[in-house]
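Between the sequences and the hints, there should be enough to build the whole structure, so can you do that?
For the sequence shown, numbering that gives the first Met the number 0 gives the first residue as 0, with consecutive numbering after it.
The hints are simulated quantities; they were obtained by calculation from the structure and are not laboratory data.
One should not assume that every hint holds.
[Unchecked claim] Ranges of calculated distance between the beta carbons of each label pair, as one might list FRET restraints:
| hint | residue 1 | residue 2 | range |
| --- | --- | --- | --- |
| 1 | K110 | D148 | 47 to 53 Å |
| 2 | Q123 | A14 | 40 to 46 Å |
| 3 | K130 | L12 | 43 to 49 Å |
| 4 | K235 | Q142 | 22 to 28 Å |
| 5 | N161 | Q123 | 28 to 34 Å |
| 6 | P158 | A195 | 35 to 41 Å |
| 7 | K130 | E81 | 16 to 22 Å |
Glycine is no exception: its CB is placed at the ideal position from the N, C-alpha and C atoms.
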Amino acid sequence: MVPYIIGGVLLVLGALLAILVPMKIKNKNIEIRFMQTTPVEELKAILAGNAAAGLEGYRHYVELTGLAEAEKPLKAPFSEKEVAYYNADLYQVYEEKQTTADKSGSTQTVKKSEAHMASDKSTQAIVIKDKNSPIKVFVDINQSGLQLDTLKTFDRFEPLNNIQSYGYFNNYRYNNMGAATLGFRMSERTIPLGQALYALGEAKLENDRILLQRPSDKKPFIVSVRGKSDIVRGNKSGANAALVFGIIIAVAGILLMIFLNR
0 MVPYIIGGVL
10 LVLGALLAIL
20 VPMKIKNKNI
30 EIRFMQTTPV
40 EELKAILAGN
50 AAAGLEGYRH
60 YVELTGLAEA
70 EKPLKAPFSE
80 KEVAYYNADL
90 YQVYEEKQTT
100 ADKSGSTQTV
110 KKSEAHMASD
120 KSTQAIVIKD
130 KNSPIKVFVD
140 INQSGLQLDT
150 LKTFDRFEPL
160 NNIQSYGYFN
170 NYRYNNMGAA
180 TLGFRMSERT
190 IPLGQALYAL
200 GEAKLENDRI
210 LLQRPSDKKP
220 FIVSVRGKSD
230 IVRGNKSGAN
240 AALVFGIIIA
250 VAGILLMIFL
260 NR
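Shown next as structure tokens:
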């Protein structure tokens, strides 16, 4: 009876994964593909026109392109490059001795590992500037539902005796992990200043500033360093992976019900 229950659960989960996830991604891709880019000046005219007509708080779903800027100078913690956004991770790299025993005796090996120690990411709004206009669009990156695509711009290992050359480590304390610390691996994903951006969301005019916000009807909400075609292609790959994985889970459920009840 138990194999039937477990197998049935796997079959249902696999079917849902193989059907619902690709369908959701397909609908998202349709939404993205049929959007047309709106120049920022035209967008502001639309928002201002609706406000003048008495529609305060009017929101307009829009596709935008432009260049990344920051309201205030922002430096990534490890590379110290000026960026519009950063998400940094620090890993402690260490080695420890492991002893294994078999019939021939004990064997000692040295294993190299790393442990995640800290993370840090910026919280200030990303600014999107139209190439042909001084008007800017502000995106609060702390909104839920935002698909924020970034670039991996820094990934470096530094031996322990070199880390003081990084200002980040001036007041940093770390654990010995019960082993020999070799150094630290530093990783950053960023949106560099001047990076071309693609964005989808609901625009709103507030105090003469255009804000890009999460859509109220579950439409795609995106700020990405990738272009539209790359986003659609990546989504399609994700849908295919979900389909294959779902089929594998469903088949595993069927096989479980067949062979464990013999």
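Open item on the list: Check the structure against each numbered hint from earlier and tell me which ones fail, lowest number first.
Closed with: 1
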